[in-house]
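Please take these sequences and the hints and turn them into a complete structure.
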Amino acid sequence: MVSVAELASAIATHPDTEYACPMALNLYKTPDGKDLVTQAAANTPFWVKAVSPMPTAVQICLRTDDYVGWVSERTIAAARPMPHPYSPVAIDADMIQARIPQVIAFATAAMHHPNTYLWGGAIAPNYDCSGLVQAAFAAVGIQLPRDAYQQEAFVAAIDLDQLQPGDLIFFGTVGRITHVALHLGQGTYLHSSGKRIGRNGIGLNSITDLHDPVSQVYHQQLRGAGRVVKAYVSTNVHR
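By the working numbering, the letter at position 229 of the sequence shown is numbered 263, and the numbering carries on one by one without gaps.
Rather than coming from a laboratory, the hints here were simulated on the basis of the structure.
Positions of the beta carbon are idealized from the N, C-alpha and C atoms, including for glycine.
There's no promise every hint is true.
Simulated restraints, written as ranges between beta carbons of each label pair [stated by the list, open to error]: (1) Met88 / His147: 34 to 40 Å; (2) Gly175 / Pro89: 21 to 27 Å; (3) Ala127 / Thr64: 35 to 41 Å; (4) Glu107 / Asp243: 46 to 52 Å; (5) Thr64 / Ser43: 34 to 40 Å; (6) Ala112 / Pro247: 43 to 49 Å; (7) Gly209 / Asp126: 19 to 25 Å.
What follows is the structure, encoded as structure tokens:
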């Protein structure tokens with residue numbers, strides 16, 4: 035067990051110590067546990083950034099995607115120092131393309147499991163749009179940034195007529211990407227969408243066949259596409 039006091043001390047004396055929890059983590063926007071911003075699978079390495087005394091919570095930075103959020107004292111108590119620093123394995127574009135069938139298989143399996151849309155969701159069974167995309171690629175050892183707009187900036191931009199299975203399709207408003215989907219082929223895409231304009235969970239839609247009302251709504255927000263040609267590697271050498 036690790037106490038919040040020990041973590042607070044570690045920030046000052048050993049700021050680069052990496053930790054992991056044997057359970058999945060919910061990360062929140064604020065120390066009081068409001069507004070889920072992301073989730074981390076069990077044993078995801080992280081740094082401790084800050085400690086809040088009231089309410090007692092710990093701010094962490096995930097080493098896999100540099101995402102920052104607050105976790106509860108009760109959850110963080112199970113954390114342990116990592117025996118070795120996080121060291122991602124290098125992966126090139128050809129290796130990524132070879133794993134695309136597995137990426138699609140993961141996302142398809144997630145769709146067939148009972149689920150609902152969860153803002154901030156990044157672990158099974160409930161995902162948000164970018165959390166599902168990130169999880170599908172991470173399942174085969176390809177790390178991506180967390181949010182849709184970050185993913186859009188990270189991938190190699192392609193024209194829509196160049197779309198291949200495994201490419202990402204982006205939606206949003208002028209100047210801001212707000213939604214991402216995984217292209218399966220022939221204009222069909224898989225995505226996790228919310229209640230207001232989507233399916234409240236994972237489903238299929240199309241950028242070419244617009245008979246479905248959800249496809250129509252998202253087509254109005256279509257902003258572009260991109261191909262994953264590299265894996266995200268943190269550039270943070272210290273916090």
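Hints, verified against the model:
no.: 1; hint: Met88 / His147: 34 to 40 Å; verdict: holds, 39 Å
no.: 2; hint: Gly175 / Pro89: 21 to 27 Å; verdict: violated, 36 Å
no.: 3; hint: Ala127 / Thr64: 35 to 41 Å; verdict: holds, 39 Å
no.: 4; hint: Glu107 / Asp243: 46 to 52 Å; verdict: holds, 50 Å
no.: 5; hint: Thr64 / Ser43: 34 to 40 Å; verdict: violated, 23 Å
no.: 6; hint: Ala112 / Pro247: 43 to 49 Å; verdict: holds, 45 Å
no.: 7; hint: Gly209 / Asp126: 19 to 25 Å; verdict: violated, 32 Å
Hint violations for this structure: numbers 2, 5 and 7, all remaining hints satisfied.
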